[in-house]
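Peer 1: Let's have the full structure, built from the sequences with the hints guiding it.
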Amino acid sequence: MSKPYNNTKATLALAKASFRSIMRSPSAVVFTLAFPLIFILVFGFLGKGGVKVDLAIAPESDLQNPIINALEQISVVHLLKDKDTAELKKGLEKGTIDAVINVQKNDETTPAYLANVQYTSASIDKGTILKSVLNNLMYTLNSKDIKPTIAQLNESIVQGRIYRTIDFILPGQLGFSLLSTGVFGTAFVFFSLRQTLVIKRFFATPVSRASIVFGEGIARIGFALCGAVFIILIGHFFFHFTLIHGIVTVLNMLLLAIIGLIVFMGFGFVVSGIAKSESTIPPISNIITLPQFLLSGTFFSIDAFPSWLQPISRALPLTYLNDAMRKVAFEGAGLWDVKHQILIMVIWGIGVYTVAVKVFKWE
Amino acid sequence: MDKTNAIISVKELVKKYDDFTAVQGISFDVYENEIFGLLGPNGAGKTTTLEIIETLREKTSGNIIVDGYSVDKDANKIKRIIGVQLQTAGYYPNLNLVELMELFSGLYGVDIKPMEMLEKVNLQDKAKSKYKALSGGQKQRFSIATTLINSPKIIFLDEPTTGLDPQARRNLWDLIIDIRNNGTTVVITTHYMDEAEQLCDRVAFVERGEIIALDTPDNLIDNLINSGFERTKEVKKANLEDVFIHLTGKEWREDN
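Sequence order for the protein chains is A and B.
With numbering that gives the first Met the number 0, letter number 348 in the first sequence gets 347, and the count goes up by one each step, no holes.
With numbering that gives the first Met the number 0, letter number 73 in the second sequence gets 72, and the count goes up by one each step, no holes.
To be clear, the hints were calculated from the coordinates, so they are not data collected in a lab.
Be aware that one or more of the hints could be misleading.
[As the list claims (entries may be wrong)] Only pairs whose alpha carbons sit at most 20 angstroms apart, straight line, appear in this in silico SDA-like list of lysine to any residue:
#1 8(A) <-> 235(B)
#2 76(B) <-> 3(A)
#3 130(A) <-> 85(A)
#4 143(A) <-> 111(A)
#5 326(A) <-> 245(A)
#6 360(A) <-> 16(B)
#7 51(A) <-> 111(A)
#8 360(A) <-> 261(A)
#9 15(B) <-> 362(A)
#10 2(A) <-> 8(B)
#11 8(A) <-> 101(B)
#12 2(A) <-> 101(B)
#13 8(A) <-> 16(B)
#14 119(B) <-> 71(B)
#15 130(A) <-> 198(A)
#16 131(B) <-> 18(A)
#17 76(B) <-> 198(A)
#18 326(A) <-> 345(A)
#19 89(A) <-> 111(A)
#20 127(B) <-> 18(A)
#21 15(A) <-> 130(B)
#22 152(B) <-> 4(A)
Peer 2: Here is the structure:
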């Protein structure tokens, strides 16, 4: 009894208990690992294709000519043969065929061939791509035997870093995983501990409130970081997720994850405080997580949103976590380079915890 | 009662909620190493009184000293020398009994061997079970085990036998008497009078937030008889519960 009470020991005992409990809770594992991994798998496989233009050859077209031969060599163009006129018409209307080409021998001496191309308003983007491909092709074909009189264009490509879909999707999924663990996990745990009087029993021991909060926090952060490492490793080794400075990049990402998670846990504290019953936790949590899930650049770049929506996106904390994660992972930025993003998350954190302190209930 | 010294001293305790007074000026002492019973119907203020002594609830007014510490100033010191079993406590989800014991040893800041604690309440076979999977009697025994972790001077048991079958109740009584024999003071609430008569050295009757009687069970009964009270029906030397226990056996059973 004479020994002074050890708060650290109590905090760690709680962290250990909480961590064990989280690991055995199916919903925590599903939200933190399974969901993000499924999205990563889906987008990881989706992203392999690249742009393809479906160009159909009209049935009456001549097939043995330099134009068709050259088109067959171009990887962007996917040539469709053996389509009849009715199929072509339907395809063009629906946009499943991006254009139709019809090459005919010219009866006059020059040029040797006439190429008629029909685009469709159902697929303007790809039509435009095709147009420039064809222009380029025609120029090359027509000037093959002519020495340039003014200037010769020499083109070469520098081998750069390939920005894959995974490089965009993985940081977004990581952010989403942290958001849901932080909000749902924290809200449910504190609500149910309060409701089942577990916290009351704790209060009958000398443990301090700070120890309870810190113990839970440590466990949740520990669990989320295990999840993050797992997601990053799967992404890196199976889908070539770019980690520019290797382990240093991973550590930077984990530090960002901790900052993000602490902010999101603040939302969780608020939800556990204002929820009247267990069944109101999911809707309230969804109000917090869903908009961020959709608007914070988890799946699509914010730049793709209409301009009136962008300010909303740019107000959300997950936007900045995702942004910072991508900069760190793909561009190799250090934490100091994303200080702007970190600052905004910190401001969110201060705001959220101010509310949490007011609404959080122990009993 | 001069041979004993008070380990808990409650003076003029009042607890008011917004619109009603749960405890209206209760005073009593609990002596060292006795089993003290707080008896009374539901809503009489037993649990409120207990939780104020346990430092879990604020009092409105009054004075409480637990083993020389005041609940106002030394709540944390009191928490270190008491063990508390709540009427409807839950335990951390998804953990087995050994893990819960480890958690509580951390919370109390003491080193214990979880299995030894579980053996004390005969739950060593359930070490790997979850709290939820235990029977009513096992749950109460586990709760009592958690109150013993810090080798407390006093333990508080709030209706530990409510809802248990006769065997489980008797097993719990034996356990509680063991704990007292090992030098721990026990404060217990119940609304079973046979239980109080068997277990308690002294009892206080609580009714509408007031103590209406406080003495040893024997004295209380004698006083009533001396006042001329007679039971309408002559009591036999055994009752139906004795028959039940006799027929079904009193030993530990797997499910009690």
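Peer 1: Determine for every hint whether it applies to the structure shown.
Peer 2: For each hint, the structure was consulted:
no., hint, verdict
1, 8(A) <-> 235(B), "violated (57 angstroms)"
2, 76(B) <-> 3(A), "holds (10 angstroms)"
3, 130(A) <-> 85(A), "violated (24 angstroms)"
4, 143(A) <-> 111(A), "holds (14 angstroms)"
5, 326(A) <-> 245(A), "holds (14 angstroms)"
6, 360(A) <-> 16(B), "holds (18 angstroms)"
7, 51(A) <-> 111(A), "violated (29 angstroms)"
8, 360(A) <-> 261(A), "holds (19 angstroms)"
9, 15(B) <-> 362(A), "holds (18 angstroms)"
10, 2(A) <-> 8(B), "violated (26 angstroms)"
11, 8(A) <-> 101(B), "holds (11 angstroms)"
12, 2(A) <-> 101(B), "holds (19 angstroms)"
13, 8(A) <-> 16(B), "violated (36 angstroms)"
14, 119(B) <-> 71(B), "violated (33 angstroms)"
15, 130(A) <-> 198(A), "violated (69 angstroms)"
16, 131(B) <-> 18(A), "holds (19 angstroms)"
17, 76(B) <-> 198(A), "holds (19 angstroms)"
18, 326(A) <-> 345(A), "holds (18 angstroms)"
19, 89(A) <-> 111(A), "violated (31 angstroms)"
20, 127(B) <-> 18(A), "holds (17 angstroms)"
21, 15(A) <-> 130(B), "holds (18 angstroms)"
22, 152(B) <-> 4(A), "holds (17 angstroms)"
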